[in-house]
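Colleague: Sequence:
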Amino acid sequence: MEKHNNSAYLNMELLRFTTAGSVDDGKSTLIGRLLYDSKSIFQDQMDAVEESSRRRGDENVNLALLTDGLRAEREQGITIDVAYRYFATPKRKFIIADTPGHIQYTRNMVTGASTANLAIILIDARKGVIEQTCRHTFIASLLGIPHIVFCVNKMDLVDYSEERFQEIKAEAEAFAAKLKVKDFHFLPISALEGDNVVNRSEKTPWYEGPTLLYLLENIHIASDENLIDCRFPVQYVIRPQSNEFHDFRGYAGEVAGGVFKVGDEVAVLPSGFTSKVKTLELNGEQFEEAFAGMAVTMTLEDEIDISRGDMIVRVNNQPESTQDVEAMICWMNEKGMTPGGKYAIRHTSSDARCMIKEVQYKMDINTLHRLEDDKQIAMNDIAKVKLRVTKPLFVDKYETNRHTGSFILIDEATNVTVAAGMVL
Numbered sequence: 171m172e173k174h175n176n177s178a179y180l181n182m183e184l185l186r187f188t189t190a191g192s193v194d195d196g197k198s199t200l201i202g203r204l205l206y207d208s209k210s211i212f213q214d215q216m217d218a219v220e221e222s223s224r225r226r227g228d229e230n231v232n233l234a235l236l237t238d239g240l241r242a243e244r245e246q247g248i249t250i251d252v253a254y255r256y257f258a259t260p261k262r263k264f265i266i267a268d269t270p271g272h273i274q275y276t277r278n279m280v281t282g283a284s285t286a287n288l289a290i291i292l293i294d295a296r297k298g299v300i301e302q303t304c305r306h307t308f309i310a311s312l313l314g315i316p317h318i319v320f321c322v323n324k325m326d327l328v329d330y331s332e333e334r335f336q337e338i339k340a341e342a343e344a345f346a347a348k349l350k351v352k353d354f355h356f357l358p359i360s361a362l363e364g365d366n367v368v369n370r371s372e373k374t375p376w377y378e379g380p381t382l383l384y385l386l387e388n389i390h391i392a393s394d395e396n397l398i399d400c401r402f403p404v405q406y407v408i409r410p411q412s413n414e415f416h417d418f419r420g421y422a423g424e425v426a427g428g429v430f431k432v433g434d435e436v437a438v439l440p441s442g443f444t445s446k447v448k449t450l451e452l453n454g455e456q457f458e459e460a461f462a463g464m465a466v467t468m469t470l471e472d473e474i475d476i477s478r479g480d481m482i483v484r485v486n487n488q489p490e491s492t493q494d495v496e497a498m499i500c501w502m503n504e505k506g507m508t509p510g511g512k513y514a515i516r517h518t519s520s521d522a523r524c525m526i527k528e529v530q531y532k533m534d535i536n537t538l539h540r541l542e543d544d545k546q547i548a549m550n551d552i553a554k555v556k557l558r559v560t561k562p563l564f565v566d567k568y569e570t571n572r573h574t575g576s577f578i579l580i581d582e583a584t585n586v587t588v589a590a591g592m593v594l
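Under my numbering, the letters of the sequence shown match residues 171 to 594, in that order.
Calculated from the structure, these hints are not laboratory results.
This one's a predicted model, so the numbers in the text were calculated from it and none came from an experiment.
Take these hints with a grain of salt, some might be off.
As the list claims (entries may be wrong) - With a Cα cut of at most 20 Å, we get these calculated DMTMM-like pairs of lysine to aspartate or glutamate:
hint: 1; residue 1: LYS446; residue 2: ASP475
hint: 2; residue 1: LYS446; residue 2: GLU471
hint: 3; residue 1: LYS554; residue 2: ASP581
Claimed, not checked - Simulated DEER-style distance windows between Cβ atoms:
hint: 4; residue 1: PHE257; residue 2: THR444; range: 42 to 50 Å
hint: 5; residue 1: SER441; residue 2: ILE408; range: 16 to 24 Å
hint: 6; residue 1: ALA258; residue 2: ASN230; range: 24 to 32 Å
hint: 7; residue 1: SER441; residue 2: PHE257; range: 22 to 30 Å
hint: 8; residue 1: MET549; residue 2: ARG523; range: 17 to 25 Å
hint: 9; residue 1: THR444; residue 2: ASP543; range: 27 to 35 Å
hint: 10; residue 1: GLY298; residue 2: TRP376; range: 15 to 23 Å
hint: 11; residue 1: TYR406; residue 2: MET525; range: 24 to 32 Å
Backbone N, C-alpha and C fix where the C-beta goes; we use that ideal spot for every residue, glycine too.
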């Protein structure tokens with residue numbers, strides 16, 4: 171029996187993508203089609219879906235049932251929670267976050283999309299660009315998702331019309347141009363029929379671009395991480411105090427930006443003491459360098475007092491150290507925001523407390539207008555606020571680093587996360 175090459179699988183590049191679109195645009199069907207046509211689901215799962223579809227009286231096999239896991243979702247035919255699906259092709263591993271389209275689930279979309287490299291936004295070919303499309307594109311750009319793919323779905327219902335596709339493309343491009351979206355693509359597809367999802371369609375001879383799966387497998391994501399600004403938030407200090415490692419003192423965490431090399435001169439914040447990187451290791455294996463996204467244990471040449479929440483950075487490239495933070499936040503709790511309210515704040519591995527000093531404006535997500543008179547922040551609202559924090563945080567702008575530029579607010583009484591924030 172052939173031994174599977176596990177290390178090749180573990181070392182494959184991972185693409186996280188999210189899907190968004192309005193109700194009945196066919197997000198769940200599209201994911202079902204991707205999994206089915208790329209042979210990523212087991213026969214028994216397929217049999218169960220066929221059986222469910224038959225019971226419901228659906229004409230075709232309802233591929234949406236592969237992702238809509240909650241019973242309420244299946245009954246109402248809508249997606250409520252974020253469903254994560256994992257699959258792999260010989261080229262890449264994928265994590266899909268299937269996020270809901272309704273406005274009252276904005277917070278779920280923010281959660282699912284916050285770590286994505288790419289967003290697929292579905293547009294119904296019959297309806298074209300609608301309010302929801304604009305809202306999802308805005309949230310994707312707010313969350314700094316580097317690549318956006320507009321899939322014009324249900325092309326089978328407009329007779330695969332090139333003219334209709336070009337109309338929608340022009341409209342979506344005009345809107346995307348107002349936002350900070352670096353890279354966007356347009357594909358005509360039919361999730362139900364499988365056109366241009368995994369296999370090229372003969373019904374769109376006028377379309378010369380890639381299929382969706384080809385795009386997902388080949389889009390360049392290596393440079394999406396910030397590889398310039400070195401940031402290493404310390405999560406845990408390792409002191410075994412055993413005879414073998416009597417004086418060992420290592421700092422464990424995930425590199426949040428840049429590339430650290432052995433011998434690099436580094437500074438530790440907040441103390442400002444400097445030292446050099448002595449070793450970088452992971453699972454007992456030594457590395458010469460560690461880059462953004464790697465979880466490693468770092469040791470330094472000098473003994474410095476470092477604890478959880480401190481940050482190791484390059485001497486001549488440091489984040490801003492500040493107690494006054496301006497940020498966009500998405501409110502996630504049923505209980506609205508209290509003006510002047512006090513909350514716990516978690517930023518990288520650092521915990522502090524903060525007060526909401528000022529709400530500057532609320533965003534009308536559908537029109538992109540700023541509502542400066544309405545300062546009432548309720549669930550799913552997105553607003554610009556000023557915070558005052560009890561101790562300095564080491565922040566970068568969210569657009570330059572999604573790790574050091576983001577934070578969450580926690581209600582201290584209930585320990586519930588009430589907001590997600592992006593530093594401006």
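Colleague: Now tell me, hint by hint, if it's right for this structure.
Modeller: Evaluated hints:
no.	hint	result
1	LYS446 <-> ASP475	14 Å, holds
2	LYS446 <-> GLU471	6 Å, holds
3	LYS554 <-> ASP581	19 Å, holds
4	PHE257 <-> THR444: 42 to 50 Å	46 Å, holds
5	SER441 <-> ILE408: 16 to 24 Å	19 Å, holds
6	ALA258 <-> ASN230: 24 to 32 Å	26 Å, holds
7	SER441 <-> PHE257: 22 to 30 Å	45 Å, violated
8	MET549 <-> ARG523: 17 to 25 Å	22 Å, holds
9	THR444 <-> ASP543: 27 to 35 Å	49 Å, violated
10	GLY298 <-> TRP376: 15 to 23 Å	18 Å, holds
11	TYR406 <-> MET525: 24 to 32 Å	29 Å, holds
Checked against the numbered hints given earlier, this structure breaks hints 7, 9; the rest are met.
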